[in-house]
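S.K.: The primary structure of each chain is shown beneath.
Number of protein chains: 2
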Amino acid sequence: MMNFLEKRILKDGVVAKGNVLKVDSFLNHQMDVELLEDIAKEFKERFKTQKVDKILTIESSGIGIACMCAKEFGVPMLFAKKSKSINIEGDVLSVEVESFTHKTVNQVIVSKKFIRPQENILIIDDFLANGCALQGLISIVQQADAKVAGIGIVIEKGFQNGGKIIRNLGYQLESLAIIESMDDQTGEIFFHKD
Amino acid sequence: MMNFLEKRILKDGVVAKGNVLKVDSFLNHQMDVELLEDIAKEFKERFKTQKVDKILTIESSGIGIACMCAKEFGVPMLFAKKSKSINIEGDVLSVEVESFTHKTVNQVIVSKKFIRPQENILIIDDFLANGCALQGLISIVQQADAKVAGIGIVIEKGFQNGGKIIRNLGYQLESLAIIESMDDQTGEIFFHKD
Numbered sequence: 002m003m004n005f006l007e008k009r010i011l012k013d014g015v016v017a018k019g020n021v022l023k024v025d026s027f028l029n030h031q032m033d034v035e036l037l038e039d040i041a042k043e044f045k046e047r048f049k050t051q052k053v054d055k056i057l058t059i060e061s062s063g064i065g066i067a068c069m070c071a072k073e074f075g076v077p078m079l080f081a082k083k084s085k086s087i088n089i090e091g092d093v094l095s096v097e098v099e100s101f102t103h104k105t106v107n108q109v110i111v112s113k114k115f116i117r118p119q120e121n122i123l124i125i126d127d128f129l130a131n132g133c134a135l136q137g138l139i140s141i142v143q144q145a146d147a148k149v150a151g152i153g154i155v156i157e158k159g160f161q162n163g164g165k166i167i168r169n170l171g172y173q174l175e176s177l178a179i180i181e182s183m184d185d186q187t188g189e190i191f192f193h194k195d
Numbered sequence: 002m003m004n005f006l007e008k009r010i011l012k013d014g015v016v017a018k019g020n021v022l023k024v025d026s027f028l029n030h031q032m033d034v035e036l037l038e039d040i041a042k043e044f045k046e047r048f049k050t051q052k053v054d055k056i057l058t059i060e061s062s063g064i065g066i067a068c069m070c071a072k073e074f075g076v077p078m079l080f081a082k083k084s085k086s087i088n089i090e091g092d093v094l095s096v097e098v099e100s101f102t103h104k105t106v107n108q109v110i111v112s113k114k115f116i117r118p119q120e121n122i123l124i125i126d127d128f129l130a131n132g133c134a135l136q137g138l139i140s141i142v143q144q145a146d147a148k149v150a151g152i153g154i155v156i157e158k159g160f161q162n163g164g165k166i167i168r169n170l171g172y173q174l175e176s177l178a179i180i181e182s183m184d185d186q187t188g189e190i191f192f193h194k195d
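Those sequence lines, one after another, are chains A and B.
Just so you know, we're using our numbering here: the first sequence kicks off at 2 and counts up by one.
Just so you know, we're using our numbering here: the second sequence kicks off at 2 and counts up by one.
It should be emphasised that the hints constitute simulated quantities derived from the structure, not laboratory data.
As the structure is a prediction and not an experimental result, all values here were calculated from the model.
Mixed in with the good hints there might be a few duds.
Since the list gives no way to pick one copy over another, a pair counts as held whenever it fits inside one copy or between any two copies.
Straight-line Cα separation of at most 25 Å, SDA-like style, residue types lysine to any residue; simulated pairs [unchecked claim]:
(1) 83 x 107
(2) 18 x 172
(3) 194 x 175
(4) 113 x 19
(5) 23 x 54
(6) 52 x 38
(7) 114 x 15
Between the sequences and the hints, there should be enough to build the whole structure, so can you do that?
M.R.: In structure tokens, the structure reads:
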């Protein structure tokens, strides 16, 4: 049985060369906010036993999903920025993160005052592939002496090793769709089944 | 009488040197999603006579607000990207935009397929200062032969000329807070009154 997200990916996702899954018609360029609400509700259900004080994501495509999650959990949302902005004050938590998509290295920063020691932080992002961005966000939470309450990912590329690394570290990682394999010749997408 | 946003700016906004207003505790780094919902409802009221088919914004800090607006209007949201991503297909609408905040020039792009001719596009953004980003978004809507249904801005810097230029072009521009002046010595913020 496919869930609502897997069905939507099959309907509107497009497989491109290089194991790229384009979901720009509903998730990371144009956004279907009703779908984002369903995603937020699903994360609320999966993390219902966790205390969550704040949602953390990284710009840009995580922001919409994280906003809907913040609304669902009734907590503030915080997004990490990818380069030093003159509008952020001096005291920052930062980490270097390599972008798979853009083949660049970014400084990822969060203003220190927005993550307090012992706070329970739920990390949300749209994609998980090699896990570099996610490990950066985990590092930022740790630098603040806060706790990772869990990690919610919309689409995990199961054929890359990010998910395995994160799960081995002991975090509750919930991916709403895990792609086992894709074929850009036939357009087929196969999901991981438990 | 101050509105809910002006009150919040006085409460949590911080005036910094160079006419910078920091609202990073509730609007453009940490986000108060209840406030974003109130903002979205206010835009819905102000544009209630307009037909709106889609919300358009620009990454990153416009995304949260635009998502809440899309939910309120019951339409999809689309965000313009600031540099060419390998995940965007060839057919794009693009324009060069200067960033006041980062002192850089960005290529701002939208995938052509997501704005159809004659569509009614409501443009949403967090800040309006010199209006470069906004004029870029208007240009993108025009390139697509679509219509600007209106422009909703959270905070306008009334002492810069962006708002005047846009209003002179005949657009319905609604700014929820217009700052007349700020004083980084005293921390005072003065709003425009009709």
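S.K.: Find the hints from earlier in the document that the structure breaks and name them by number, from lowest to highest.
M.R.: Structure breaks hint 2 only.
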